[in-house]
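Trainee: Generate coordinates for the entire structure from the input sequences, incorporating the hints supplied.
2 protein chains.
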Amino acid sequence: MTDHLFRYIDEETMNQSDLNAPTWQLSERARKLTSSAIREILKVTERPEVISFAGGLPSPATFPAEEMRAASDRILRDSPAAALQYSATEGYLPLREWVAQRYSVNGAQIRASQVLITTGSQQALDLLGKVLVCPESPVLVETPTYLGALQSFSMYEPRYVQVPTDDNGLIPEALTPELTKGARLLYAQPNFQNPTGRRLPIERRRALAEFAKSAPFPVIEDDPYGALDYRGEPLPTMLSMSPDHIVHLGSFSKVLAPGLRIGYIIAPEELHFKLVQAKQATDLHTPSFTQRIVHEVVKDGFLDTHVPKIRALYRDQCEAMLGSLERYMPEGVTWNRPEGGMFIWVSLPKHIDTMKLLEAAVAQNVAFVPGGPFFANEAQHNTLRLSFVTVPPAKIDEGVARLAELIRARV
Amino acid sequence: MTDHLFRYIDEETMNQSDLNAPTWQLSERARKLTSSAIREILKVTERPEVISFAGGLPSPATFPAEEMRAASDRILRDSPAAALQYSATEGYLPLREWVAQRYSVNGAQIRASQVLITTGSQQALDLLGKVLVCPESPVLVETPTYLGALQSFSMYEPRYVQVPTDDNGLIPEALTPELTKGARLLYAQPNFQNPTGRRLPIERRRALAEFAKSAPFPVIEDDPYGALDYRGEPLPTMLSMSPDHIVHLGSFSKVLAPGLRIGYIIAPEELHFKLVQAKQATDLHTPSFTQRIVHEVVKDGFLDTHVPKIRALYRDQCEAMLGSLERYMPEGVTWNRPEGGMFIWVSLPKHIDTMKLLEAAVAQNVAFVPGGPFFANEAQHNTLRLSFVTVPPAKIDEGVARLAELIRARV
Numbered sequence: 001m002t003d004h005l006f007r008y009i010d011e012e013t014m015n016q017s018d019l020n021a022p023t024w025q026l027s028e029r030a031r032k033l034t035s036s037a038i039r040e041i042l043k044v045t046e047r048p049e050v051i052s053f054a055g056g057l058p059s060p061a062t063f064p065a066e067e068m069r070a071a072s073d074r075i076l077r078d079s080p081a082a083a084l085q086y087s088a089t090e091g092y093l094p095l096r097e098w099v100a101q102r103y104s105v106n107g108a109q110i111r112a113s114q115v116l117i118t119t120g121s122q123q124a125l126d127l128l129g130k131v132l133v134c135p136e137s138p139v140l141v142e143t144p145t146y147l148g149a150l151q152s153f154s155m156y157e158p159r160y161v162q163v164p165t166d167d168n169g170l171i172p173e174a175l176t177p178e179l180t181k182g183a184r185l186l187y188a189q190p191n192f193q194n195p196t197g198r199r200l201p202i203e204r205r206r207a208l209a210e211f212a213k214s215a216p217f218p219v220i221e222d223d224p225y226g227a228l229d230y231r232g233e234p235l236p237t238m239l240s241m242s243p244d245h246i247v248h249l250g251s252f253s254k255v256l257a258p259g260l261r262i263g264y265i266i267a268p269e270e271l272h273f274k275l276v277q278a279k280q281a282t283d284l285h286t287p288s289f290t291q292r293i294v295h296e297v298v299k300d301g302f303l304d305t306h307v308p309k310i311r312a313l314y315r316d317q318c319e320a321m322l323g324s325l326e327r328y329m330p331e332g333v334t335w336n337r338p339e340g341g342m343f344i345w346v347s348l349p350k351h352i353d354t355m356k357l358l359e360a361a362v363a364q365n366v367a368f369v370p371g372g373p374f375f376a377n378e379a380q381h382n383t384l385r386l387s388f389v390t391v392p393p394a395k396i397d398e399g400v401a402r403l404a405e406l407i408r409a410r411v
Numbered sequence: 001m002t003d004h005l006f007r008y009i010d011e012e013t014m015n016q017s018d019l020n021a022p023t024w025q026l027s028e029r030a031r032k033l034t035s036s037a038i039r040e041i042l043k044v045t046e047r048p049e050v051i052s053f054a055g056g057l058p059s060p061a062t063f064p065a066e067e068m069r070a071a072s073d074r075i076l077r078d079s080p081a082a083a084l085q086y087s088a089t090e091g092y093l094p095l096r097e098w099v100a101q102r103y104s105v106n107g108a109q110i111r112a113s114q115v116l117i118t119t120g121s122q123q124a125l126d127l128l129g130k131v132l133v134c135p136e137s138p139v140l141v142e143t144p145t146y147l148g149a150l151q152s153f154s155m156y157e158p159r160y161v162q163v164p165t166d167d168n169g170l171i172p173e174a175l176t177p178e179l180t181k182g183a184r185l186l187y188a189q190p191n192f193q194n195p196t197g198r199r200l201p202i203e204r205r206r207a208l209a210e211f212a213k214s215a216p217f218p219v220i221e222d223d224p225y226g227a228l229d230y231r232g233e234p235l236p237t238m239l240s241m242s243p244d245h246i247v248h249l250g251s252f253s254k255v256l257a258p259g260l261r262i263g264y265i266i267a268p269e270e271l272h273f274k275l276v277q278a279k280q281a282t283d284l285h286t287p288s289f290t291q292r293i294v295h296e297v298v299k300d301g302f303l304d305t306h307v308p309k310i311r312a313l314y315r316d317q318c319e320a321m322l323g324s325l326e327r328y329m330p331e332g333v334t335w336n337r338p339e340g341g342m343f344i345w346v347s348l349p350k351h352i353d354t355m356k357l358l359e360a361a362v363a364q365n366v367a368f369v370p371g372g373p374f375f376a377n378e379a380q381h382n383t384l385r386l387s388f389v390t391v392p393p394a395k396i397d398e399g400v401a402r403l404a405e406l407i408r409a410r411v
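These protein sequence lines map, in sequence, to chains A and B.
All residue numbers for the first sequence refer to the UniProt record's numbering, where the first residue is 1 and numbers rise by one.
All residue numbers for the second sequence refer to the UniProt record's numbering, where the first residue is 1 and numbers rise by one.
Because the hints were derived from the structure by calculation, they are not lab data.
Nothing false has been slipped in among the hints.
For lysine to aspartate or glutamate, the following DMTMM-like pairs were computed, each having C-alpha atoms within a straight-line distance of at most 20 Å:
hint, chain 1, residue 1, chain 2, residue 2
1, B, 32, A, 269
2, B, 32, A, 270
3, A, 181, A, 157
4, B, 181, A, 28
5, B, 356, B, 378
As the structure is a prediction and not an experimental result, all values here were calculated from the model.
Mentor: What follows is the structure, encoded as structure tokens:
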């Protein structure tokens, strides 16, 4: 999702100065919102000549536009009043049931009464912040973690605590009583994490799911990329291991289309009810029409044939990028080999600041996202995130070659 | 909107008790969210035999379903990738331009750079709370005021200050330095206010627009019902009088359909930019697809012929209800004669508590919303709100007759 965060803010308004402009006092949380240097630099990446690996935009080639067109037509023909009227805050019941059914695997029983449909996964993060986080309350996050989650939670002014990670992701043993004291939630992306592309191994999932059973705070399993598993061999979710103690976030953005903004939270009923109340105060409900479109498209097994096509496309693009990295990157540069998802995480020699590198790269018409902003506290400034899903293979090779040259000059 | 607030919460989950249920610490704001007694009572109003005046649901007869169907089809045929991809947080530019154009009347120049598309007007309230309100900061509201606004702002834990009103709405002279000290915002609905149906006269609009120019906080003009002016003689907005100092909220819910969840905030650029950042952290953006549908339907003047039909329908229903009130209500009961909108506000003799009356009414298969919850602080418990837009005239007469009988027994 992150490229959205960078590409679209209309920064021009920042530079206006108007003597008549009112001076109103803002909330503490709003005062902390500052314009981002990265955004400024990445604004130029919309120019067609720029090869941008910054994007987290799913390939439009994967959007099932014709299926959605047929679904829209049927819905507005057969049930316009219901599709266009105010509707339940919890979401469209048949879609909630479909989600519950889909997650009732490996012996877990998920109930529709645990499912809340959200205006994209981003809203799930906002609602969790709203319902769980007070100013200065500790929030546990991975090192690094999803930038959009930091943005959402930060509106509720937490104190972030970084949980140590390694190449396999979050280290469950690191969750000591000292580290987790007073925490309101633990936020984790076990599948092909944004930004690192890492996948949490089965043993760690078990350990974390077990930890969740006695933790005095919820473990949030954010899983937008789980279906994008290149070998089609997904690891079980933590939700399936501790269905009453894990809060699971899902999304149709990566398997259908992000523009419809349909995600969901699966949570124990007591928390679910608070989240529903918070959502009611936030936007009443997610549009009935778009929820019905999603349900209409997925209800008869469409994803079973559609998702493998997305996987194959992204796997090929990932392979292309890994090949280019092998070919061009100088010694001292390391990266991971993702088993799914949309991102590769690259580490450069310690002395190279990727924020400065980005400026040079953009001048050469190639872009990426510096790693720094993905760290809640102490950042590793020699890291960067590459997305391989938006740019075609030939361009990937050209872009990586340019980037490698810039790095070589700095090693 | 309020009937939504009552009808749809899935209360069943509240009654579940589960020994294995996790006990997680919630935020202060979430702990304050409690289940509402009214909601419990109004749950039964979904039974078909109940004549419900509780609803704020626009009549589905007014939804332009065929126009939307044609628009959806064109959009998914001609620009599926753009309609289904992540898009700008500010909203779809042509729709923002349309809104700016529509408000550039009476000499006011509104710029698209002031317009933020929101996921319904409810989200506008949430974002304003997020960006402006700190715990314990004073928020000025009308007496009574829109319940949904209280719900949104309350998540940011303000201290409400009630501004005195009379039958013409908010009294500008009451905005003394003592009353407004330290306020973060003033929230008002000048047109056919929810719940009272009152319209603010032109002189008061001028006074309030003038007040806004020097106030150290924004005056919020929430205007979901402005187009529903039965004589088609709208009063100028305060935005048109002080375009740089009024924050104006609008919505397509009452003139097209609420289920699409498309509203907007027009604000000075500096506040606009903060609102955009807050929206980004909240749900990234409102769906591109539904924004394009609205734009496609309205862009060629559709509302100019469509809105008069809605007005005529609601005016007739309003007349029907006023006639029934005249016919049946005992002495000591008073109400207003709305010039637009969806609601009539009824005052009973002081000793009648409308919350208790509601219980008796529901037993007789008629429903309304008690007035109490619309007051931020000291409530007038002898008031109630009637909506005349959902129930057909014959049923209106029957329902009002039943209600009058219950009141007569208590006068």
